[in-house]
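Protein chains in written order, with the working numbering: chain A, 139 to 376; chain B, 19 to 235.
Any given hint might turn out to be false.
Footprint (simulated), chain A over chain B, 3 or more residues, beta carbon under 8 Å [to be verified]:
1) 88-96
2) 103-110
3) 113-126
Keep in mind that the hints were calculated from the coordinates and are not lab data. Note that this is a predicted model, so its numbers are computed, not measured. Heads up, the beta-carbon is just placed ideally off N, CA and C, and yes, glycines get one too.
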Amino acid sequence: MNNLAAQIRRDLALMWAGRGDAAVMLAFFLIIITLFPLAIGPDPARLQPVALPVIWIAALLASLAGFPRIFADDVRCGWIDQVALSPLPLPLYALSKVITHWLVSALPMLVAAPLMAVMLYVDMTRLAPLMLALGIGTLALTLLGVLAAALGEGARNSGGLMAILVLPLAVPILIFGTLASSPISNGPVGNGPVGNDPVGNGIMTPHLLLLMAVTAVLLAIVPVAAAAALAEAEAESS
Amino acid sequence: MNDPSTHAASSSLNTGGIGTMTTLQLDGVVLARGMRVLQRGLSHSMSAGQITRLRGPNGSGKSTLLRVIAGRLRPAAGTILCQAPRLFIGHADALASARSGRDNLSDWARLNGFGATADHISASLEMMSATGFADIPARQLSRGQRRRLALARLLLGPPNALWLLDEPSAGLDSSASTRLDDLISRHLDGGGMVIAATHLPLAATHEGSDLVLADPQ
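Based on the sequences and whatever the hints tell you, model everything.
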């Protein structure tokens, strides 16, 4: 466990040193969302229906921008060789990347999300479900990104590959995430709030549970799959 | 292609017969990059306190062999038995360019659980005369300076380790090369092992052998 802590500590220090990159992703998230009121106009009746999907799509696209770099520096400088020879298993190394990448890229978006929700006239009662679903959904997106980044280390020009690989797999996350954030009566299951909502507070919907299920499956698969992809990754000879 | 599992069975029997002194043994190792076979039937053994100087023309598989012994690549066939912990310094220095040399060394020691104290790290930096630039980000350093930081790392590992060094003197000036020679000699005196891909007569006074790889063409 000390090895895992050491790896996380190193990555956080590196990300703090390169915090401009995280700021660019946050700015990307904010700009995508801000474009919508500018394009649609400030009318709440027209903004409100698209508000939650817009926030989700912005989170997805902004996350995508950060994925290609997840392993790039470690492979290029040879750190990954040192990790592979160390007592830290590669699946745990991949998991450490999930944790640090989520903290640095998703957490700032999560903090900014309520402000964006206010700008798009999201009903304040939907704020808690949105934040919860967004927190879980961004974790699932980060897991996908780590997997795609690990696979991309073996391929050249993996930037475009990354988008093609991640976006189709991100569709369930987008669907369940948006539905879990939306008011229940708008859901396609449509049995009414009581039947769909065992707890009765409008948060623990079936959609949220499905989103959690997707995340749990990814959490089980991604570290192992990413480790297998990284097992022989190496820097190009200098 | 030979079946690796039968190789494994036969070579573990062999080692039992040879004795416990041998701590690294290569048996019928075949090196391949992609579809190209670089070397076939490499066999070699070495024990504590010995150095193996790996020689051969460019592209003969020196780096590949080091990566195979380190466990970063699988051999196409054959077995490798290694009873010592392995430290690998490849072409890449494994230094994070935004972190100082000192931080890079302590990150590495913590990753491996070596429990190096600040004094220990300072001493190893001093050994490669890297103290003067140990506290500035590695991106501002020259290639030779980065190489010295990477090599200083070796001193934080266990004394019985097998060092796998790929062109360790690349980019080093003459005084740093001398330091490298001292570093290796001391490690051999302390019961360690070294395999270095190098064209220098490193640790010439110590017991060792040359492993010459033939040109694959």
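Next item on the list: May I ask which of the numbered hints given earlier this structure violates, with the numbers listed in increasing order?
Entry: Nothing - there is no hint that the structure violates, so all of them hold.
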